[in-house]
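Asks: Starting from the known structure of chain A, arrange chain B on it as the hints suggest.
Chains as they are written, first to last, in the working numbering: chain A, 1 to 138; chain B, 1001 to 1390.
It should be emphasised that the hints constitute simulated quantities derived from the structure, not laboratory data. Here the structure is a predicted model, which means the values were calculated and not measured. One thing to keep in mind: the hints can contain errors.
Said to hold, decoys possible - Below, a sample of chain A positions facing chain B; criterion: calculated Cβ distance under 10 Å:
hint	residue
1	Thr-68
2	Ile-113
3	Glu-118
Glycine residues also receive a C-beta, built at the ideal position from the N, C-alpha and C atoms.
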Amino acid sequence: MSQTASKPVPIPDTVSATFFDGARGGELMLQHCASCGGWSFPVRERCPHCFAGSLGWRAASGRGTLYTFAIMHQVMHPGFAASVPYNVSQIDLEEGVRMVSNVVGVANDALRIGMKLEVCFEDVGDNVRIPKFRPAAD
Amino acid sequence: MANQPKGSIVGLGVTPMGKIYGRRAVDFAAEAIALALDDAGLTKNDIDGLLINANIPNDMDPRTQMALGFENLTLINVMNGYGSTAGAMMQYACMAIREGLAKTVVLVYADAPLTPSRGAGQSYSGPHRFPLNGMAGLKAHYGDFGANLGYAMAARRHMHLYGTSEDHFGIIAVGQRKWAQMSPRAQMKAPMTMADHHNSRWIAEPLRLLDCCLVSNGAVAVIVTSPERARDLKQPPVHVLGYATCAPGDNLNTARHPAVETGAKRSGEMAFRMAGITRDDIGTCQLYDCYTYTVLVTLEDYGFCAKGEGGPFVADGKLGPGGSLPTNTGGGQLSGYYMWAFTPLSEAVVQVRGQGGARQVPRNDHVLVSGNGGILNFHSTLILSRHPSS
Chain A
1 MSQTASKPVP
11 IPDTVSATFF
21 DGARGGELML
31 QHCASCGGWS
41 FPVRERCPHC
51 FAGSLGWRAA
61 SGRGTLYTFA
71 IMHQVMHPGF
81 AASVPYNVSQ
91 IDLEEGVRMV
101 SNVVGVANDA
111 LRIGMKLEVC
121 FEDVGDNVRI
131 PKFRPAAD
Chain B
1001 MANQPKGSIV
1011 GLGVTPMGKI
1021 YGRRAVDFAA
1031 EAIALALDDA
1041 GLTKNDIDGL
1051 LINANIPNDM
1061 DPRTQMALGF
1071 ENLTLINVMN
1081 GYGSTAGAMM
1091 QYACMAIREG
1101 LAKTVVLVYA
1111 DAPLTPSRGA
1121 GQSYSGPHRF
1131 PLNGMAGLKA
1141 HYGDFGANLG
1151 YAMAARRHMH
1161 LYGTSEDHFG
1171 IIAVGQRKWA
1181 QMSPRAQMKA
1191 PMTMADHHNS
1201 RWIAEPLRLL
1211 DCCLVSNGAV
1221 AVIVTSPERA
1231 RDLKQPPVHV
1241 LGYATCAPGD
1251 NLNTARHPAV
1261 ETGAKRSGEM
1271 AFRMAGITRD
1281 DIGTCQLYDC
1291 YTYTVLVTLE
1301 DYGFCAKGEG
1311 GPFVADGKLG
1321 PGGSLPTNTG
1331 GGQLSGYYMW
1341 AFTPLSEAVV
1351 QVRGQGGARQ
1361 VPRNDHVLVS
1371 GNGGILNFHS
1381 TLILSRHPSS
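Next up, chain A with everything else stripped away, as it sits in the complex:
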């Protein structure tokens, strides 16, 4: 009898600790540059806009729109055997960053580019919560 494999659970590291701490508390934390005010994603050590070494963290609005998406049918990791077909989506956040995530709470065939989305958080074990997106309430 085979064991059911799980989806990989991220292990927060030094540079991503604030992101995962924020998620645990129900906030989408993004890096924000004290010099130029630009937001960035994914995690970096230096601002991609002005190259200053002054990136801090701020809670983002969690609001965005669906930029594009694909429906994955291949099982590239055994933890996804029960999940295919699943969506992988790019969400344009109000802050100007495009984030990869999954859209939940909506059937794959109801996904529409441009639809309004809001962040939500999913417990995945090991005291880790993961930001995902769902259709916006309003």
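Replies: Okay, now just chain B, sitting in the frame of chain A:
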């Protein structure tokens, strides 16, 4: 004359391709180089430069020089711009030759990811490849694995903006399969219809199996020297008239749209300017085709049609045999073999020389070659010609 060649291709070696098991990438590389030397009428001792294309398994490294038994090379490097690398290697080789740093340079790509025990789709993936730390682990949790998803998202965006359809992708795949049927080295020769394309299984919607490139074990080597030296060698020289690269940036900034606006635009403009020719002079295109969509968006960015009109542009089958813009005439990476940009480069050499046999195009004066890597994050353009000046 204004536009002299930057260098000339004088040797081409292409090994058997596909499910050839039990050999290492470096052994395929050695065979391709031996074939290219023989093709050029040169010997190993004539070679003083070796540029190695990195590959995904990272087993083509600088020590390849020793494994192959080269000595006293004055140009040696491993280069990596993913699928765009061949164009950048050609730039570096030609510049080095013009600077007198080397006389005769081998460019090589080799890979052997296929094994009998797993499907081609798993060749570059597997749980061992997925790091769990930090943001990489986040990506893995979302199930964001491999290039298929990235290109599927790019294709979806294009379909949304411009009405590009499955028929537009299908006609590209069908046309290239027809070309592959005339190419001795091509891996996939079974007939393919539009229905076959539309009925092939989903990989990552909107991309189906027949929208995706193959995986190949094999190698390609190309030998480059000066235009002057090329005149005295065995093969008709293939002159490099223009080359340029462009990397448009990452996909995760809402101000950028590399999924639908690629580096083909800027690198194409630079390469055409350098070559002193225009698109109308191009008789055949050899375009990087990791997916059908890549061909379509590349044609737009080179200006063969306006942005967004790639679908209607290809819909009449003009890229296939008998069409007005024969493209990927060896079957490309969709039906021929997957050797990153050495696939389009190798077929361009065959066509410029007039050695294409049944698939030879009539207008082979100037050939446009593209390379592309990442999720449309890297691009290279080459313009190759039969003529020593434009």
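Asks: Give me the numbers of the hints this structure contradicts, sorted from smallest to largest.
Replies: Violated hint (a single one): 3; every other hint is consistent with the structure.
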